[in-house]
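Student: Each chain, written out:
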Amino acid sequence: MPVIRLTEITKLYRVGVEQIRALDGVNLEVGQNEYVAVMGTSGSGKSTLMNILGCLDRPSSGTYELDGRVTTRMGGGPLARVRNERIGFVFQSFELMPRLTALKNVELPLIYSPAGWWGRGKRAREVLGTVGLGDRMHHKPNQLSGGQRQRVAIARALINRPAILLADEPTGNLDSRTSEEILALFDALYRSGQTIIMVTHEPDVARHARRIVRMKDGKVLSDLPTEQDAVRFAAPVAAESVPEVAGVGG
Amino acid sequence: MTAALRLPVALVVVAYQSAFLALSQIWANKLRSLLTTLGIIIGVASVTTVIAALSGLKQSVLSEFETFGTNKIFILPYWGEGRGRGPRRDFRDDKVRFKPETFDGMLEHCPSVARFTRLCDYNASISKGRMAEQMVEITGIEPSWHQIESREVIMGRPFSLIDNEQARPVCIINDKVQDKLALGRDPVGDWIMIGQRRFTVVGVIKARAESSMFGGNMSDSEVFIPFSTARVSPRMGMICIAATKSPALTDEAKAELTFFMRRQRGLKVDEENTFRVESVEQFVQQFNSVATAITMVAGGIVGISLLVGGVGIMNIMLVSVSERTREIGLRKAVGARPSAILLQFLIEALMLCLLGGLMGLLCGQGLTTAMASIKEAKLDKAYIPGWAVALSFGFSAAVGLIFGMFPAIKAARLDPIEALRHE
Chain B
14 MPVIRLTEIT KLYRVGVEQI RALDGVNLEV GQNEYVAVMG TSGSGKSTLM
64 NILGCLDRPS SGTYELDGRV TTRMGGGPLA RVRNERIGFV FQSFELMPRL
114 TALKNVELPL IYSPAGWWGR GKRAREVLGT VGLGDRMHHK PNQLSGGQRQ
164 RVAIARALIN RPAILLADEP TGNLDSRTSE EILALFDALY RSGQTIIMVT
214 HEPDVARHAR RIVRMKDGKV LSDLPTEQDA VRFAAPVAAE SVPEVAGVGG
Chain Y
10 MTAALRLPVA LVVVAYQSAF LALSQIWANK LRSLLTTLGI IIGVASVTTV
60 IAALSGLKQS VLSEFETFGT NKIFILPYWG EGRGRGPRRD FRDDKVRFKP
110 ETFDGMLEHC PSVARFTRLC DYNASISKGR MAEQMVEITG IEPSWHQIES
160 REVIMGRPFS LIDNEQARPV CIINDKVQDK LALGRDPVGD WIMIGQRRFT
210 VVGVIKARAE SSMFGGNMSD SEVFIPFSTA RVSPRMGMIC IAATKSPALT
260 DEAKAELTFF MRRQRGLKVD EENTFRVESV EQFVQQFNSV ATAITMVAGG
310 IVGISLLVGG VGIMNIMLVS VSERTREIGL RKAVGARPSA ILLQFLIEAL
360 MLCLLGGLMG LLCGQGLTTA MASIKEAKLD KAYIPGWAVA LSFGFSAAVG
410 LIFGMFPAIK AARLDPIEAL RHE
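Protein chains in written order, with our numbering: chain B, 14 to 263; chain Y, 10 to 432.
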């Protein structure tokens with residue numbers, strides 16, 4: 014059974030008198046322990062897709078099943094609970110609370126989960142250990158490097174053992190070396206069984222995923238394993254092997 | 010965990026969390042929080058100070074009434090609303106003025122009255138040798154006065170029935186007169202001049218307690234002489250003080266006395282009273298209603314300042330919501346329900362107001378202490394009663410909840426996507 018099943022998802026925005034189709038009949042299935050990168054230019058609908066996958070937004074039509082449960086008919090409360098228990102978010106700009114320590118930041122989702130409340134300290138320490146920050150628990154975000162901050166954010170996303178980890182440009186604010194570190198962490202999480210969906214526009218980052226979904230004009234342009242995607246989309250550039258173009262790509 | 014338990018537990022947890030969060034938020038913006046709550050602080054400080062002053066005043070007035078005696082009833086002549094000297098007076102003078110025989114038979118007709126004394130007073134100069142004092146209050150009393158007023162006789166004896174019946178030239182002075190006329194240690198048996206007459210001092214009583222309300226403007230010197238001795242002219246003013254058998258009988262005694270007096274005066278059914286029957290109880294009630302009115306007015310003023318304070322709270326909470334839009338977005342993204350966000354901001358406003366209330370209360374206590382230490386103000390008994398403390402916190406909390414509601418709802422309704430995109 015897939016973790017995620019999107020059926021004919023359409024999202025319409027009304028801007029003045031004009032109607033914009035941000036998503037136009039998207040069908041997508043993501044199985045257990047997949048590592049998917051969603052790529053596309055700005056305006057391709059990838060952010061809207063991300064918001065719908067994260068239950069932050071509702072589609073105008075179509076159904077979204079997460080873990081076998083249809084979320085599209087849920088009210089605000091149950092949807093908040095789904096976000097809390099089934100989804101872990103990682104954002105481009107980390108979104109840590111500046112006044113809270115790493116530990117307290119990681120605990121945050123459990124505050125809204127009565128079931129997790131009692132063991133939250135222990136669980137937070139555990140997850141911080143997993144992301145390699147066992148010795149930085151009592152540091153505040155401004156005492157941590159960018160990479161460390163993103164690790165804290167990842168730990169926070171993992172604390173409720175989510176069905177999917179949703180990462181929105183997770184390396185967008187990091188230098189290339191730190192980016193590699195974070196991507197290595199994602200790889201490790203994937204290998205340990207975590208389902209990951211990552212939105213990015215950088216091919217180098219997307220390359221780490223096992224499957225790449227390309228979006229264009231609110232539709233799925235292609236949905237291929239990474240190797241085939243590389244062949245189909247990078248092949249012309251590789252064949253011509255024009256250094257300038259490669260430089261632009263990098 | 011069962012579903013039924015889930016929500017209440019979640020709310021308690023969030024409330025607990027929010028309280029801590031709110032405190033840290035307030036602490037992080039100390040100056041801003043202080044300025045914001047200034048309205049609340051001033052409001053609470055002023056209301057508690059006013060209430061403290063009134064409570065102190067009430068306390069001292071009531072204790073004064075207490076020494077005055079709550080079982081006393083005054084029977085006073087009454088000239089009507091247009092009283093005064095001119096032609097406006099309603100009733101003829103000889104119908105209004107009391108005569109010595111007016112009160113004859115009172116005890117037989119008024120079973121609730123234990124005893125009474127007729128009283129007349131005038132001012133005269135007193136002297137002894139070269140020592141003299143002008144305009145001293147000379148009061149003519151009957152022996153029963155001693156039981157009604159219960160003033161302590163420190164030397165000599167009280168008046169006897171014979172003093173009164175024979176209209177003897179004897180007097181009782183208070184210890185102030187003793188000092189002022191330099192009568193020595195034991196003036197009993199000595200004599201003093203009252204006007205042009207010579208009186209023998211038979212007793213000394215203690216001067217009345219320092220009084221802010223009654224007799225504050227009077228001279229401290231008092232001289233008492235027997236009623237019959239004092240009553241040399243029929244035009245002299247006379248009143249009567251009756252004592253009930255117990256304070257609880259005051260209303261009955263008043264009714265009895267009114268009936269008795271109307272009969273004595275021969276008033277017809279449609280005629281107005283030409284006298285007044287007033288109890289100390291009545292004064293207490295009057296004072297209480299005045300105090301209540303003042304409290305109401307003060308309450309109104311404080312209400313306005315709390316309103317202003319509340320608007321300040323609302324303003325700063327709106328600023329806080331807009332400053333923390335991203336935080337709200339994140340909280341929603343990780344699973345905070347709108348109700349949790351609402352509670353968080355509501356509790357922050359509540360905490361802000363309660364802290365303001367606490368500071369206001371401390372300021373009020375400071376002002377009260379300062380007020381109590383000013384001797385001339387005679388507010389040494391001023392204190393903040395428990396109900397005023399409860400009221401202050403209650404009002405602060407109400408202001409927090411009412412004015413915090415709009416910003417909290419605004420925060421709870423934020424769209425998480427928009428909020429996370431907010432710069």
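One or more of the hints may lead you astray.
As the list claims (entries may be wrong) - Not the full set, but computed from the structure, chain B residues with beta-carbon under 8 Å of chain Y:
1. Tyr26
2. Asn64
3. Asp70
4. Gly81
5. Met87
6. Gly89
7. Met110
8. Pro122
9. Gly134
10. Arg138
11. Tyr203
12. Phe246
Source of the hints: derived by calculation from the structure; they are not laboratory data.
Note that the structure is predicted; figures quoted are calculated from it, not measured.
By construction, the Cβ of each residue, glycine as well, lies at the ideal position given by its N, Cα and C atoms.
Student: Would you mind marking each hint as holding or not holding in the structure?
Tutor: Do the hints match the structure? See the list:
no. : hint   : in the structure
1   : Tyr26  : violated (12 Å)
2   : Asn64  : holds (5 Å)
3   : Asp70  : holds (6 Å)
4   : Gly81  : violated (19 Å)
5   : Met87  : violated (12 Å)
6   : Gly89  : holds (6 Å)
7   : Met110 : holds (6 Å)
8   : Pro122 : holds (4 Å)
9   : Gly134 : violated (14 Å)
10  : Arg138 : violated (18 Å)
11  : Tyr203 : violated (22 Å)
12  : Phe246 : violated (29 Å)
The structure fails hints 1, 4, 5, 9, 10, 11, 12 (numbered hints given earlier, in ascending order).
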